[in-house]
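Going down the list, the sequences are from chains A and B. In this text, residue positions in the first sequence follow the numbering used here: the first is 287, and each later residue adds one. In this text, residue positions in the second sequence follow the numbering used here: the first is 287, and each later residue adds one.
Don't read these hints as lab results, they were simulated from the structure. Fair warning: this is a prediction, and the values are worked out from it, not measured in the lab. Warning: the hint list may mix true and false statements.
[To be verified] Short, incomplete list of chain B residues facing chain A, as computed with Cβ under 8 Å:
1. Ala340
2. Val343
3. Trp347
4. Ser387
5. Val390
6. Pro421
7. Gly520
8. Ser523
9. Ala548
10. Val568
11. Asp572
12. Cys637
13. Arg657
14. Arg658
[Stated by the list, open to error] Here are the simulated distance ranges between beta carbons:
15. A:Ala560 - B:Ala590: 39 to 49 Å
16. B:Asp549 - A:Cys620: 25 to 35 Å
17. B:Gly588 - A:Arg432: 45 to 55 Å
Glycine included, every Cβ here is placed at the ideal spot set by N, Cα and C.
2 protein chains.
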Amino acid sequence: MSDLDLAQEARRLDAADALRAKREEFALDDHDTTVYLDGNSLGALPRAVPARLADVVEREWGRLRIRSWTESGWWTAPERVGDRIGRLVGAAPGQVVAGDSTSVNVFKAVVAAARLAADGDGGRDEILVDAATFPTDGYIAASAARLTGCRIRAVDAGDVASAAGPRTAVALVNHVDYRTGRLHDLPGTTAAVHAAGGRVVWDLCHSAGALPVALDADGVDLAVGCTYKYLNGGPGSPAYLYVRRELQPRFDSPLPGWNSHADPFGMSPQYAPADGAVRGRVGTPDILSLLALEAALDVWDGVAVEAVRAKSLALTDFFLRCVAAYVPGGRLECVTPTAHDERGSQVSLRCADADEVMAELVRRGVVGDFRRPDVLRFGFTPLYTGFADAERAARVLAEVLGP
Amino acid sequence: MSDLDLAQEARRLDAADALRAKREEFALDDHDTTVYLDGNSLGALPRAVPARLADVVEREWGRLRIRSWTESGWWTAPERVGDRIGRLVGAAPGQVVAGDSTSVNVFKAVVAAARLAADGDGGRDEILVDAATFPTDGYIAASAARLTGCRIRAVDAGDVASAAGPRTAVALVNHVDYRTGRLHDLPGTTAAVHAAGGRVVWDLCHSAGALPVALDADGVDLAVGCTYKYLNGGPGSPAYLYVRRELQPRFDSPLPGWNSHADPFGMSPQYAPADGAVRGRVGTPDILSLLALEAALDVWDGVAVEAVRAKSLALTDFFLRCVAAYVPGGRLECVTPTAHDERGSQVSLRCADADEVMAELVRRGVVGDFRRPDVLRFGFTPLYTGFADAERAARVLAEVLGP
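All chains should be built: construct the whole structure from the sequences, respecting the hints.
Right, here's the structure in full:
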């Protein structure tokens with residue numbers, strides 16, 4: 287198929303795209319010169335954020351000052367924002383709290399899950415970790431293991447289900463692999479770990495906001511995720527922690543800060559945990575970032591995650607077709623699965639000199655990223671990425687790779 | 287002395303105040319109607335913050351997007367901001383890192399200190415905690431103790447020096463008591479804990495930015511603090527961690543997130559800690575809040591902490607004189623020490639019905655806060671609090687308490 291045909295098809299697909307108007311809600315004024323395919327690392331700025339953040343700073347902090355902790359709803363923001371994230375990951379209200387980094391939430395979740403699993407079953411001392419995990423999860427899980435007397439066993443994410451056994455306390459798995467874009471089997475793995483008597487913690491960093499997640503329906507115990515990728519919360523925006531409702535009374539946090547106390551302003555020297563998702567809080571919430579995130583979540587109003595998923599798969603399918611049409615055979619190896627039920631919302635292509643190729647792509651206005659040693663990553667954010675973007679990225683990639 | 291005399295004296299003191307011009311750098315446009323004495327809970331907004339934060343959001347995030355991690359200096363912000371805080375707490379560059387909440391930093395510091403102390407001396411299993419500590423420190427220390435096989439012993443902060451012994455691994459002490467405003471003996475306590483073979487962690491939440499702290503000179507091992515009180519970083523702004531330079535190679539973090547790795551983008555499954563203060567980092571830094579804090583720290587340019595301390599003591603002395611002159615005897619008990627070397631930058635007054643008294647003060651434009659069961663807290667922030675503010679607060683307090 288010629289460039290012209292694919293470019294025309296892209297225009298038709300964009301014209302028929304029900305999410306097309308969403309793009310206008312993002313600051314993408316450079317779209318004539320730039321194709322931004324790095325929303326799986328840092329989501330684009332939603333246009334609603336600057337004015338809302340200015341109001342938070344100038345009025346809520348600058349004029350109301352301390353009164354805003356109650357009058358502007360600052361104190362309850364972690365749960366309020368958490369519930370809005372919850373809707374996107376299949377969690378009914380009262381189970382998600384926003385705050386801290388993903389790493390800190392992994393620590394809370396893994397230690398708490400290990401304690402749950404060991405409860406009445408002290409023989410469970412094994413923490414299964416996805417061998418290809420984003421590294422922070424592995425590092426933090428190792429620390430959690432060291433502090434709780436467990437040991438780490440690394441297995442491929444696809445093998446967690448069969449690896450779980452009578453010693454398994456916790457399995458910590460990435461829903462979508464950050465490097466390959468492979469989507470793992472959340473319902474099946476969760477059921478298998480449960481059948482073995484263990485608990486499962488899912489890292490949703492690369493799935494939340496890109497595809498449906500059904501934490502409640504799939505019986506997930508605990509989950510964590512960041513909000514600066516497909517949720518567009520801003521650089522390093524607060525992460526979140528999901529604790530399944532029926533586990534909350536036994537959620538025993540290793541970070542029992544004053545914000546998780548049943549009566550924080552009682553200032554009691556004795557710790558008494560709050561009920562509900564609040565128990566996952568630690569210290570004073572970072573309000574500026576949290577309320578910027580809250581404003582960023584407005585773009586999800588009226589959006590069904592299923593529609594986002596359908597467009598995501600169409601975009602990545604189309605991008606792969608364009609790459610196949612434009613790039614001579616043998617120059618690229620696709621490491622992202624072609625099967626829909628194994629694919630997240632990114633396409634990872636292995637090639638020689640990938641670092642230099644990505645640098646040249648960026649110079650030519652196609653912004654993806656490079657992951658060592660040889661992977662080009664292209665993230666597709668259905669709320670603002672179009673089919674013409676995908677076609678153009680593939681065309682420029684072919685130009686960079688040469689004949 | 288009559289009201290008129292004290293009001294005149296306040297005007298003379300304000301006119302002679304070398305820090306007077308600093309007040310203009312804060313958003314305090316309501317100073318005709320409001321005396322803000324709650325900067326020990328939430329510092330006022332520095333005027334430089336809104337424009338800087340707008341630039342971070344609209345240009346750095348909105349237009350440069352992912353490039354800002356390098357081009358806008360986002361990645362190194364925790365150390366850069368840490369060094370600026372370091373100047374205010376007597377820490378040479380390379381020892382302070384900004385990020386996470388105070389509670390999370392207490393956890394890092396106490397676990398790391400316990401590991402340092404136990405290193406080659408396994409008999410040290412006692413964590414001394416200030417009995418009147420801000421509660422989060424005690425809760426987190428208890429969690430650290432549970433996870434490291436230590437036990438907690440609560441003693442009065444003034445008794446930590448004598449309580450430290452051969453079992454002491456760590457002492458965690460507040461530099462200034464949040465409730466009473468009592469300043470504790472940092473050099474003497476540190477030396478005594480060291481003489482007993484233990485490590486000391488100081489919580490500087492209520493001292494940094496209000497009085498000189500000499501972490502390096504006094505040999506402090508580790509310290510933590512928040513930045514939203516006297517450092518005016520904004521609601522829930524990032525906290526910080528100090529790790530003394532010579533201890534950094536042995537600083538063994540319980541939260542070894544990918545940001546603390548020697549080669550974070552190597553994405554190695556094996557953890558290898560970075561050298562220096564970076565080792566205290568955990569996850570991706572919260573850039574919006576961190577850069578708002580950085581802009582807030584500009585007000586410290588050219589300011590000597592010693593000058594701030596001199597004014598702080600003059601302010602609290604003057605406030606106490608006004609209270610003594612205006613309020614009938616027996617209505618209030620001052621729980622803040624009158625000796626300068628035992629006083630932080632707040633005045634805490636005990637009285638009957640303190641909650642209702644504070645609510646009425648706030649209605650009349652004097653904003654302090656109430657701490658259960660019976661304490662009125664008035665924080666004095668020398669960069670923006672004047673002597674006329676102190677006089678007026680005392681006068682309104684007398685009016686509220688009645689004849």
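To see whether the hints hold, each was checked on the structure:
no., hint, result
1, Ala340, "holds, 6 Å"
2, Val343, "holds, 5 Å"
3, Trp347, "holds, 5 Å"
4, Ser387, "holds, 3 Å"
5, Val390, "holds, 6 Å"
6, Pro421, "holds, 5 Å"
7, Gly520, "holds, 5 Å"
8, Ser523, "holds, 7 Å"
9, Ala548, "violated, 12 Å"
10, Val568, "holds, 5 Å"
11, Asp572, "holds, 4 Å"
12, Cys637, "violated, 18 Å"
13, Arg657, "holds, 7 Å"
14, Arg658, "holds, 6 Å"
15, A:Ala560 - B:Ala590: 39 to 49 Å, "holds, 43 Å"
16, B:Asp549 - A:Cys620: 25 to 35 Å, "holds, 27 Å"
17, B:Gly588 - A:Arg432: 45 to 55 Å, "holds, 46 Å"
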